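Given the coordinates of chain Z, work out where chain X should sit on it, guided by the hints.
Protein chains: 2
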Amino acid sequence: MSLVVVGSMAFDAIETPFGKSDKIIGGAATYIAWSASNFATPIKQLSVVGGDFPKEELQMLEARGVVTDGVEIKENEKSFFWSGRYHLDMNTRDTLDTQLNVLANFNPVVPDSYQDCEFLMLGNLVPAVQNAVIDQMKQKPKLVVLDTMNFWMETAMADLEKVLSKVDVLMVNDSEARQLSAQYSLVKAAKVIMNMGPKYLIIKKGEHGALLFHNDEVFFAPALPLEDVFDPTGAGDTFAGGFIGHIAKTKDISFENMKTAIIVGSAMASFCVEKFGTTRLKEISKADIDARIQQFVQLVNFDIELV
Amino acid sequence: MSLVVVGSMAFDAIETPFGKSDKIIGGAATYIAWSASNFATPIKQLSVVGGDFPKEELQMLEARGVVTDGVEIKENEKSFFWSGRYHLDMNTRDTLDTQLNVLANFNPVVPDSYQDCEFLMLGNLVPAVQNAVIDQMKQKPKLVVLDTMNFWMETAMADLEKVLSKVDVLMVNDSEARQLSAQYSLVKAAKVIMNMGPKYLIIKKGEHGALLFHNDEVFFAPALPLEDVFDPTGAGDTFAGGFIGHIAKTKDISFENMKTAIIVGSAMASFCVEKFGTTRLKEISKADIDARIQQFVQLVNFDIELV
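Chains as they are written, first to last, in my numbering: chain Z, 833 to 1139; chain X, 833 to 1139.
It is worth saying that the hints were derived from the structure and are not from the lab. Treat the hints with care, since some could be wrong.
[Said to hold, decoys possible] Below are the SDA-like pairs computed for lysine to any residue, each with C-alpha atoms no more than 20 Å apart in a straight line: (1) X:1023 - Z:1039; (2) Z:1031 - Z:973; (3) Z:1037 - X:1007; (4) Z:1037 - X:1133; (5) X:1037 - Z:923; (6) X:994 - X:966; (7) X:1091 - Z:913; (8) Z:887 - Z:851; (9) X:887 - X:910; (10) Z:1023 - X:1058; (11) Z:974 - Z:1088; (12) X:1020 - Z:1056; (13) X:906 - X:938; (14) Z:1031 - X:1059; (15) X:1020 - Z:1039; (16) Z:1023 - X:1127; (17) Z:1091 - X:1130; (18) X:1020 - Z:849; (19) Z:1037 - X:924; (20) Z:1118 - X:1137; (21) Z:1091 - X:1137.
[As the list claims (entries may be wrong)] Facing chain Z, from chain X, some residues (calculated, C-beta under 10 Å): (22) 1016; (23) 1052; (24) 1053; (25) 1089; (26) 1095; (27) 1135.
Computed from a predicted structure; not experimentally measured. Just so it is clear, CB atoms sit at the ideal spot from N, CA and C, and this is done for glycine as well.
If we strip away everything but chain Z, and leave its shape as in the complex, we get:
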């Protein structure tokens, strides 16, 4: 049984108030795989890249237990490219350039060897592609997690609604939750969205942490207060990787365990933003991760006695 990760593997060029990157490795599935592979392997990666995507990047992931049989390489085409500039608040950004390239005609084919999929992580991608992957799965995975973004709500809402009806967990940020539900209150937004399909909803609030909703239950996860957020690119994907990695490791899809998985995801995201791109994710050790998770435990730990 395995964890299947679907999403882009790509190039990014990033400008932040702190500096500017060259064309560096990015893509939702890249971040998810780097993050999740700290917790569970094998990870079966489903993506598409052009001939310009460095083979060493795939080899580094393989060395960590990421299977790349499902990563299609279109040698004569170019990889997806995104360029953006973050504002001073590091929460909002302008897209400077988007070149779909290989993503323009991505028709994912799920390899037979991926049919043992127990956990399916659908990284942010065209909803029709996410839907095609779900439909190719001969057995329903134990848990299907979906990440998406406002762009698809504006351009492919019908497809997105179709996918939403088939997933167990949805991850969006707070403004996307408001947009998707047409509700300002996040509690009301959660109710509307959970009626669209997902039984669990994770609302990511950046420096303000994350909320997990399920039926009438709610869990509030903190974000680690950081001195500097150097580059937020990929933080949401890294969060998703830590979340699904912990679930795949423990094979426990209870609400209680999802709470823990969110803490793990938040800890991973807190590393991601410390350097440009995937740099920090490639450096950290298990000891670093354990220490960071302990910081989260301390961050919210309090004793109360009602007398």
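For chain X alone, coordinates are given in the frame of chain Z:
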């Protein structure tokens, strides 16, 4: 030994997207006293009102254990009046009218019977007045807590700096912390502010919870996700009341106990916003409060085992 609360007792007129109030009872010290008196009495109130302030409001507080010897009544003058309109996000507001009235020449005189002050809660008020109260205390209280706002940073910064150098705990919201420190990162802001005097800093983030800083330690308290925020007026004061009320009840000024006090303050603030003005604070029972605090425990509770 006692808890002394300093601040305005006043009238407010409030407009929110949900409705409009008449001229209702407000003022920082009013909210603080209603909130804190659930946990510790006597509370010794230091304030000034005009002849128009209803005597029954003072009597209701007295019935809860609030001593009003230090509430000066200027029979021929009018109480402080504030009127404001909240935006849809319920986080930002426009001031429509401010009439200082009795607050214009408020020279507080600390009664001798207040000199046993163990805990001093300085509600949001002119910094020079807050300073005058500190200077009249013959013995340094065990803990001095200060609430303030952006208005004083813009109009009375020299006085505010003087007060800051004399207090133990400062409470401000996130934008005020950024303004006071000229730092965007709240972690950096906290360091700058703790160098101005306060050993403890509480940054209130509304629906995003609150942070407590002390030396290199940090605690992240959640806010209860609410379906509706009906009226945020007084939520910060109510938070302050719950915080200082718990500290005064337990007589424990450790960082660990301050964490608990912030949870108590957050629980109290979550009631305040449910109805206009002090309405909800006048209704709730100990059982309501205990149940709400339990919700906070559930909200952030998670198990993690590092293997």
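Results for each hint:
1. Taking the CA atoms of residue 1023 (chain X) and residue 1039 (chain Z), the gap is about 18 Å. The hint holds against a cut of 20 Å.
2. For a cut-off of 20 Å, the pair hint linking residue 1031 (chain Z) to residue 973 (chain Z) stands: about 15 Å separates their Cα positions.
3. In summary, the hint linking residue 1037 (chain Z) to residue 1007 (chain X) is supported, as the alpha carbons are separated by about 17 Å, within the 20 Å threshold.
4. Note on residue 1037 (chain Z) and residue 1133 (chain X): the hinted pairing holds, with a Cα-Cα distance of about 19 Å set against a maximum of 20 Å.
5. At roughly 16 Å between alpha-carbon atoms, residue 1037 (chain X) and residue 923 (chain Z) fall within 20 Å of each other, so this suggested pair holds.
6. Only pairs whose Cα atoms come within 20 Å are accepted, and residue 994 (chain X) paired with residue 966 (chain X) is accepted, the gap being roughly 11 Å.
7. For the suggested pair residue 1091 (chain X) and residue 913 (chain Z), the alpha carbons sit about 46 Å apart, so the restraint of at most 20 Å is broken.
8. For the given pair, residue 887 (chain Z) sits about 27 Å from residue 851 (chain Z) by alpha-carbon distance, which is inconsistent with the 20 Å threshold.
9. Between residue 887 (chain X) and residue 910 (chain X) the CA atoms are separated by roughly 14 Å; this keeps the pair inside 20 Å, and the hint holds.
10. A hinted pair counts as satisfied when its Cα atoms are at most 20 Å apart, and residue 1023 (chain Z) with residue 1058 (chain X) qualifies at roughly 12 Å.
11. Pair hint residue 974 (chain Z) plus residue 1088 (chain Z) holds up; C-alpha atoms about 16 Å apart against a cutoff of 20 Å.
12. Only pairs whose Cα atoms come within 20 Å are accepted, and residue 1020 (chain X) paired with residue 1056 (chain Z) is accepted, the gap being roughly 13 Å.
13. Among the hinted pairs, residue 906 (chain X) with residue 938 (chain X) is consistent with the structure: their alpha-carbon atoms are about 10 Å apart, no more than 20 Å.
14. For the proposed pair residue 1031 (chain Z) and residue 1059 (chain X), the alpha carbon gap of about 19 Å is at most 20 Å, so the pair holds.
15. Our distance criterion of 20 Å between C-alpha atoms is met by residue 1020 (chain X) and residue 1039 (chain Z), whose separation comes to about 14 Å.
16. Taking the CA atoms of residue 1023 (chain Z) and residue 1127 (chain X), the gap is about 19 Å. The hint holds against a cut of 20 Å.
17. Taken as a hint, the residue 1091 (chain Z) and residue 1130 (chain X) pair is honoured in the structure, with Cα atoms around 11 Å apart against an allowance of 20 Å.
18. Between residue 1020 (chain X) and residue 849 (chain Z) the alpha-carbon distance is near 16 Å, which keeps this suggested pair within the 20 Å criterion.
19. Under the criterion of a C-alpha separation no larger than 20 Å, the hint pairing residue 1037 (chain Z) with residue 924 (chain X) is consistent with the structure, at around 19 Å.
20. Under the criterion of a C-alpha separation no larger than 20 Å, the hint pairing residue 1118 (chain Z) with residue 1137 (chain X) is consistent with the structure, at around 14 Å.
21. This hinted pair checks out: residue 1091 (chain Z) and residue 1137 (chain X) have alpha carbons roughly 13 Å apart, not beyond 20 Å.
22. Satisfaction of the interface hint for residue 1016 (chain X) is found here, the shortest Cβ-Cβ separation to chain Z being roughly 7 Å, below the 10 Å cut-off.
23. The beta carbon of residue 1052 (chain X) is positioned within 10 Å of a beta carbon in chain Z (closest approach about 4 Å), and the interface hint is therefore held.
24. Restraint check, residue 1053 (chain X) versus chain Z: the minimum CB separation of about 8 Å is within 10 Å; hint holds.
25. Given hint, residue 1089 (chain X) at the interface with chain Z, holds; its Cβ is 9 Å from that chain's nearest Cβ, closer than 10 Å.
26. At its closest, the beta carbon of residue 1095 (chain X) sits 6 Å from a beta carbon of chain Z; the interface hint therefore holds under the 10 Å criterion.
27. At its closest, the beta carbon of residue 1135 (chain X) sits 6 Å from a beta carbon of chain Z; the interface hint therefore holds under the 10 Å criterion.
The structure shown violates the earlier hints numbered 7, 8.
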